[in-house]
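Each protein sequence line maps, in turn, to chains U and W.
My numbering puts the first residue of the first sequence at 67, with every later residue one more than the last.
My numbering puts the first residue of the second sequence at 20, with every later residue one more than the last.
Hints were generated in silico from the structure; no laboratory data involved.
You may find that some hints are simply not true.
[As the list claims (entries may be wrong)] With a straight-line cut-off of 30 Å between C-alpha atoms, the simulated BS3-like cross-links for lysine-lysine are:
no.	chain 1	residue 1	chain 2	residue 2
1	W	K178	W	K268
2	U	K106	W	K102
3	W	K270	W	K303
4	W	K183	W	K270
5	U	K106	W	K337
6	U	K106	W	K444
7	W	K270	W	K239
8	W	K183	W	K210
9	W	K437	W	K102
10	W	K75	W	K102
11	W	K154	W	K247
12	W	K239	W	K268
13	U	K106	W	K247
14	U	K106	W	K246
15	W	K102	W	K88
16	W	K75	W	K183
17	W	K437	U	K106
18	W	K102	W	K337
19	U	K106	W	K161
20	W	K419	W	K437
21	W	K437	W	K267
[Stated by the list, open to error] What follows is a list of derived Cβ distance ranges for each label pair:
no.	chain 1	residue 1	chain 2	residue 2	range
22	U	G111	W	G338	19 to 29 Å
23	U	G203	W	Q423	22 to 32 Å
24	W	K267	U	N271	54 to 64 Å
25	W	T138	U	P84	49 to 59 Å
26	W	K88	U	F338	24 to 34 Å
27	U	I97	W	G338	19 to 29 Å
28	W	K75	U	F164	46 to 56 Å
29	W	K88	U	P84	34 to 44 Å
30	U	G156	W	V90	52 to 62 Å
31	U	G111	W	N384	52 to 62 Å
32	U	F121	W	Q439	18 to 28 Å
33	W	A254	U	L186	33 to 43 Å
34	U	T96	W	Q439	36 to 46 Å
35	W	Q439	U	W182	33 to 43 Å
[What the hints assert, rightly or not] Over 10 Å on every C-beta distance to chain W, these chain U residues come out as not near it, computed from the model:
no.	residue
36	A77
37	A82
38	L86
39	L89
40	F112
Note that beta-carbon positions come from the ideal geometry of N, C-alpha and C, so glycine has one too.
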Amino acid sequence: MSLQSRRATTAYIFLAVPLLFFLGIRIAPTIYAFLMSFFKNGGTGFTLQNYQQMFTSHTFWRSLLNTLLYVVITVPCQLAIGVGLALMIGRVKRLKGFYRMVYFLPYITSQVAISWVWRLMYDPSNGVINAFLGWMGIPAQSFLQSTNESLMSVSVVIIWQASGFAMLIFIAGLEAIPKMYFEAARIDGASPWQIFWRVTWPLLNPTLVFLTVTGVIGALQTFTQIENLTGSSGSQAGGPLHSTISMVVYTYNQGFSNFNLPFASAVTVVLFVLILLVTVVQLRILNRSFEY
Amino acid sequence: MKRAVKVTAIGFSVLMMTGMLSGCGGSSNASGSSGKTVTITYWQYTYPSKVTEMKKLIQQFQKQNPNIKVVEQDFPYDQYNQKVAAAMHANQGPDILNLYYGWIPQYVQQGYLQPIPSTFMSTSQINNYYIPMVKDSMYNGKYYALPIAVRSLAIFYNKDMFQKAGISGPPQTWNELISDAQKMTVYQNGKLVQEGFGPDVSGQGYHLFQEILLRQWGGKPFSADNKKVTWDTPAGLQAFQYWMDMFKKDKIGDMNFDQGAATAFQAGKAGMIVDGSFAIGTMKKSASFNWGVAPIPTKTPGGKQENFGSYWVNGIAKGVSGAQLQASEKFIQFLDSTATEKDWLNTVGELPAAASLASDQSILNDPIYGPFEQGLKYAHATFFVNETTERQAFIDETNKIFLQNAPVSQVFNELTQKEQAIRDKYYSSQSN
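When you get a sec, could you build the whole thing from the sequences and use the hints?
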């Protein structure tokens, strides 16, 4: 055996270990879940019953609609806030690290802890938010306990938490842009507004694509915040009246509190297809190359 | 040897005593022949007083049975079923599972449990040993799991708040409860700051309607075979309307006030709540005011008494056999003995499940345990086919009244249909 092929063999062996791990931990369960979505609950034998039931279930469509709402509401907001914060921090001379830390902290704090703090702040009778609104003469709101305000209330928590991450990536993206472009634009007499839209924003495109794709996938999989903001030991998360339920929460409720794992698997298959489609479309649209 | 004990046993309490005595002899026999240590795993959810007590009992048990090792594992309540589902499907489950009796149909359908072996305890032995309510956990004519302790409902009331409002004692009837509660309910600028009665739906509230109000108003929740929902009568609607009026018309409390009725009560912000005896331990620890326990009110003075009873049970997982099965049986026998049950009452605060202890005067005369023990006499344990979805139907439907002002009678009809649909679905999947 030549040295080269021996080296290659060693490399293959080392590569095989994580591959096997990945196959066992991720791929095999995924395939099993896919197969299981065609099982009857508590039995075997293939059936389309789960899919039929799912597409006629009011709650399923509600969870799909809500999931899309979470994407449409949270992703643009966190990107806008993230880029705004990044630009402002770029101008600050002192305490730069401090500001960066303050905005990034929510992202690395436990989602469960954050959700519970917000839950207490949202409390209609004792919550600090209603106390604050009261001082300003605004009547108390029900937030998570109203079908009209709950989805928005959950979204606020998600945006608040995710914006710090978007900020950090935007800061990195901004620092990667060579300074000479800005200097050239300034010498040509471009206004700050023009510089942003004609220079900064197009050059941030790779950052934007990355953040949009990961943000959308994250929003499609929203679970922890909903579970902890709206669930309790007595009632399932996603309420009141399914107003905040997402597809993953629906999966969880079906699989682990109703013990209907085949049905839950069917919902995850639909979610998988949805994420795949959305991601492919996004990469096609957003990732076109710009001519500078 | 076991057989001989079983045949000669007259009642199960006798069997229990001899079983425990012979248990020691039996195990030394077994160790003589094989000398191997058997390890069994016990799963329960994390409820601090239960976990401490269980660990203590395991030590006692292991001392009596040196060649059985019991490994206790507990998981948070919210994740418990998830954990069980995942582990059982992966054949990684425990030997003995602690579960809510209302989950038995689901667990059996999923193939997590095996019936209590008749060589261990026959159906009639179980019927004789336990208080009648335990029959409600029978499933398809078989017992799949057995309780250590049972619980019933009663009123917890804040004595300090009663005194301040000039109320002499706990209410006897529901109308009295409402008028007392109104005296203690405080609104400031249209915001509730103190509630007289914490009428919840997601906690014990839904049992309150189904097993107490409905029955007191002259209805019955289900048909004898549990397949039909039978509350859809004028009396049923009246009971439902009365319950909903507590929130909507009388405004004596709010379901979401202060993170739920139990929390509000512990914080001293609710005058009364309906809760189970399992809450006693928590109350003793966290309520820093004078509180008392009173029996569930009736519709009219001296009227029909009703209660809801429930319990957690221990079952043996499917597939457990041989030495593991024997050890599991022995452990369950130990847990269900009257000695353990008495100990359990003192440390956990749950009432004994053995019939022989139901008339124990020291329990009946206790100011706190007494009303609960009394309540057991009138208690029904609802036969759930899917406890979680049935509860969720109540939460969702009543929310239509609270959040969307839907008419009560319309919601009542929808709720009946929903509950019926859950049963129909369950029983149709049974026959296949």
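The hints, checked one at a time:
With a C-alpha separation of about 25 Å, the suggested pairing of K178(W) with K268(W) holds against the 30 Å cut-off. For a cut-off of 30 Å, the pair hint linking K106(U) to K102(W) stands: about 21 Å separates their Cα positions. For a cut-off of 30 Å, the pair hint linking K270(W) to K303(W) stands: about 28 Å separates their Cα positions. Under the criterion of a C-alpha separation no larger than 30 Å, the hint pairing K183(W) with K270(W) is consistent with the structure, at around 20 Å.
Distance check on the hinted pair: K106(U) and K337(W) sit about 20 Å apart at the alpha-carbon level, within 30 Å; holds. With a CA separation close to 13 Å, the supplied pair K106(U) and K444(W) stays within the 30 Å bound. Of the supplied pair hints, the one linking K270(W) and K239(W) holds, its CA atoms being roughly 27 Å apart against a limit of 30 Å. The suggested pairing of K183(W) with K210(W) holds, with an alpha-carbon distance near 21 Å, which does not exceed 30 Å.
Taking the CA atoms of K437(W) and K102(W), the gap is near 28 Å; set against the 30 Å cutoff, the hint holds. A threshold of 30 Å between alpha carbons decides the hint, and for K75(W) with K102(W) the separation of about 24 Å falls inside it, so the pair holds. Between the alpha carbons of K154(W) and K247(W) the distance comes to roughly 19 Å, so the proposed pair stays at or under 30 Å and holds. Distance check on the hinted pair: K239(W) and K268(W) sit about 25 Å apart at the alpha-carbon level, within 30 Å; holds.
The hinted pair formed by K106(U) and K247(W) meets the criterion: a straight-line CA distance of about 24 Å does not exceed 30 Å. A threshold of 30 Å between alpha carbons decides the hint, and for K106(U) with K246(W) the separation of about 22 Å falls inside it, so the pair holds. At roughly 22 Å between alpha-carbon atoms, K102(W) and K88(W) fall within 30 Å of each other, so this suggested pair holds. The suggested pairing of K75(W) with K183(W) is violated, with an alpha-carbon distance near 43 Å, which exceeds 30 Å.
For the proposed pair K437(W) and K106(U), the alpha carbon gap of about 22 Å is at most 30 Å, so the pair holds. Between K102(W) and K337(W) the alpha-carbon distance is near 16 Å, which keeps this suggested pair within the 30 Å criterion. Pair hint K106(U) plus K161(W) holds up; C-alpha atoms about 25 Å apart against a cutoff of 30 Å. A distance of roughly 14 Å separates the Cα atoms of K419(W) and K437(W); the hinted pair therefore holds under the 30 Å criterion.
Between the alpha carbons of K437(W) and K267(W) the distance comes to roughly 23 Å, so the proposed pair stays at or under 30 Å and holds. Between G111(U) and G338(W), the C-beta spacing of about 22 Å keeps the proposed range 19 to 29 Å intact. For G203(U) and Q423(W), the Cβ-Cβ distance of about 28 Å falls inside the hinted range of 22 to 32 Å, so the restraint holds. The hint said 54 to 64 Å for the Cβ distance between K267(W) and N271(U), and at roughly 55 Å that hint holds.
For T138(W) and P84(U), the hinted distance range of 49 to 59 Å is satisfied, since their beta carbons lie about 51 Å from each other. Separated by about 43 Å at the C-beta atoms, K88(W) and F338(U) break the suggested range of 24 to 34 Å. Taking 19 to 29 Å as the suggested C-beta distance range, the pair I97(U) and G338(W) conforms, at roughly 25 Å. With their beta carbons about 51 Å apart, K75(W) and F164(U) fall inside the hinted range of 46 to 56 Å.
Taken as a hint, the range 34 to 44 Å holds for the pair K88(W) and P84(U), whose Cβ atoms sit roughly 37 Å apart. A beta carbon spacing of about 57 Å between G156(U) and V90(W) agrees with the range 52 to 62 Å that was offered as a hint. Checked against the given bound of 52 to 62 Å, the beta carbons of G111(U) and N384(W), roughly 59 Å apart, stay inside it. Against the hinted window of 18 to 28 Å, the Cβ-Cβ separation of F121(U) and Q439(W) comes to about 23 Å, which satisfies the hint.
The hinted window of 33 to 43 Å between A254(W) and L186(U) holds, with their beta carbons roughly 41 Å apart. At roughly 37 Å, the beta carbons of T96(U) and Q439(W) sit within the given window of 36 to 46 Å. Take Q439(W) and W182(U): their Cβ atoms lie about 37 Å apart, and the range 33 to 43 Å holds. Residue placement check: A77(U) keeps its beta carbon more than 10 Å from all beta carbons of chain W (closest about 33 Å).
The claim that A82(U) lies off the interface holds: its Cβ sits roughly 25 Å from the closest Cβ of chain W, which is beyond the 10 Å cut-off. The non-interface label for L86(U) is consistent with chain W: the shortest C-beta to C-beta separation is roughly 19 Å, beyond 10 Å. The Cβ of L89(U) lies farther than 10 Å from every Cβ of chain W, with a closest approach of about 17 Å, so its non-interface assignment holds. For F112(U), the requirement that its beta carbon stay farther than 10 Å from each beta carbon of chain W is met, with the minimum near 15 Å.
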